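Chains as they are written, first to last, in the working numbering: chain A, 4 to 257; chain B, 2 to 300.
Just so you know, these hints were derived from the structure itself, not from any lab.
If we take Cβ atoms under 7 angstroms as the criterion, some of the chain B residues that face chain A in the derived model are:
1. Arg113
2. Phe120
3. Ala124
4. Pro138
5. Glu141
Pair ranges (Cβ atoms, derived):
6. B/Pro280 <-> A/Arg40: 50 to 60 angstroms
7. A/Arg18 <-> B/Thr51: 22 to 32 angstroms
8. B/Ala46 <-> A/Tyr255: 44 to 54 angstroms
9. A/Ala206 <-> B/Leu169: 31 to 41 angstroms
Note that the structure is predicted; figures quoted are calculated from it, not measured. Beta carbons: idealized from backbone N, C-alpha and C, even for Gly.
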Amino acid sequence: MSAALSDALAMRSVRKVGAVAVFFWRMLAQCGPALARPRLIVNQIYNAGARSLVIIMLSGLFVGMVLALQGFDLLQRFGSEEALGTAAALALLKELSPVITALLFAGRAGTSLTSEIGLMRATDQLTAMKMMAVDPLRYVAAPRFLGGVVAMPLLGAVFSVIGLFGAHLVGVQLMGVDRGAFWSQMQGSVGVKDVAEGVVKSAVFGLACSLIAVYEGYYAEPTAAGVGLATTRTVVASSVLVLLLDYVLTAYFI
Amino acid sequence: MRPPWKLRRPDGALCGHCVTGPDKPVPPAASAGDVLIDVRGVDYAIEGHTVFEGLDLSVRRGRITGIMGPSGTGKTTLLRLMTAQSAPDRGQVLVWGRDLATLSSAQVFAMRKRMGMLFQNGALLTDLDVFENVAFPLREHTDLPEPLLRTLVLTKLQAVGLRGAAELAPAELSGGMARRVALARAIVMDPELLIYDEPFVGLDPISRGMIVRLIRQMNEALGITSVVVSHDVPELSMIAHDSYLLSGGRVVATGTPQDLRDSTLPVVRQFMDGSAEGPVPFHYPAPDYYQSLLAVEDP
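Could you put together the complete structure from these sequences and hints?
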């Protein structure tokens with residue numbers, strides 16, 4: 004790769020990060036006024052959160068079940084099957100639940116946000132709002148962003164609970180791990196700090212995914228192809244950013 | 002006798018027809034207080050393509066001004082400049098005597114509260130029903146009690162004949178109905194200036210006649226200044242007090258619709274008669290047709 008090309012790519016990346024930062028700052032300024040219309044935010048929590056529940060619960064169940072199978076196989080080699088509850092809980096709360104929920108959120112709610120806002124832009128709805136002296140950042144972007152930020156930790160919590168249920172189902176009911184040992188070891192080993200790590204990760208991932216989804220929709224090229232590309236960028240950028248942030252946050256908490 | 006603001010030649014003499022060519026047309030003369038929108042020497046280009054070059058145009062208070070021109074001449078772009086959605090590369094756009102380029106975004110928003118705009122496609126908010134679409138500006142900018150708000154919205158919907166459609170979603174409306182709802186939304190704040198972007202396109206004759214009457218009634222009864230961008234000559238002729246014909250990035254003719262109809266200038270005649278032959282090319286620039294066909298057979 005030539006130096007000129009790598010410089011151009013670097014400059015483009017810096018510009019993009021700068022543009023997202025400016026957008027984030029401008030939208031944050033509109034979050035306060037947006038709170039004056041809580042109905043809009045509640046609607047968006049419903050759209051981003053409640054409508055993602057089925058996929059989150061199904062995924063949580065299967066991830067928990069697989070985790071129990073793999074965990075049982077591993078722990079059995081050391082004669083420590085009773086620690087299955089602890090292993091499943093820590094893996095789910097600290098890592099799997101925030102990350103997988105965020106990836107699913109980017110695929111389900113993020114794409115929905117981007118395409119919705121992109122279509123609003125393509126059909127002049129955002130311009131119409133500006134012409135009615137209504138800032139679309141306040142009416143469209145901020146409520147959707149806040150809705151996503153609130154919904155993500157809630158979805159993460161649901162994922163964890165269902166995941167633990169799945170792990171219990173396989174570990175205790177199927178593989179015969181002692182029910183008392185499963186829950187008591189989990190209770191003894193999992194602390195508030197572990198739960199907090201998952202909550203913080205979910206909140207940060209929710210913020211990142213919502214910001215990218217809203218930004219990409221807001222600046223989507225107002226054509227069918229443009230909205231499609233913006234939706235794709237949302238999934239790719241959100242997924243990569245979630246994994247990157249996961250490493251940073253994990254390093255911070257350890 | 003022809004009023005003095007009507008057609009003038011570049012030398013200032015009154016003219017029975019339109020002016021065009023290298024001589025820049027002189028906008029209808031009007032006192033400064035009489036002019037609501039003043040476009041002065043505007044240059045504007047998009048991605049290197051010149052849209053306007055030295056555009057001069059004024060919209061007088063309390064009148065209906067029609068802006069006509071072939072497709073692609075920048076009529077909608079001109080509306081964007083007038084509403085501060087875009088800024089000219091050179092020149093000034095003054096609205097209510099204020100240069101739009103000098104206004105902060107808060108001042109632009111304050112100014113927009115005094116104007117209404119009808120978009121080509123209606124631009125209704127798809128997550129709201131018809132009633133809420135019309136109520137949207139009122140809810141955002143006023144604290145009116147619900148009964149009064151409801152009365153206002155239903156009054157406007159009745160004016161466009163769609164009171165019965167108040168509970169429908171935008172997706173359930175035809176294109177014409179969506180445009181009428183958008184018109185109700187544009188007038189619900191009782192603006193001083195109404196801007197219409199192709200208001201007659203795609204409407205059936207009944208709806209078109211209704212929109213024509215409505216634009217005229219709002220002007221006559223409420224004194225609302227209107228800017229109508231359209232290439233529907235018959236409809237515009239029925240309502241416009243002043244008309245501008247754009248072509249090639251500048252105003253090529255001004256006057257009343259009757260003046261334009263009577264004009265003998267080739268560019269005006271071509272537009273008025275809908276002829277493919279004339280100064281405005283119908284075909285996009287291309288190599289010789291015959292040679293192109295032969296090239297297909299013998300690549």
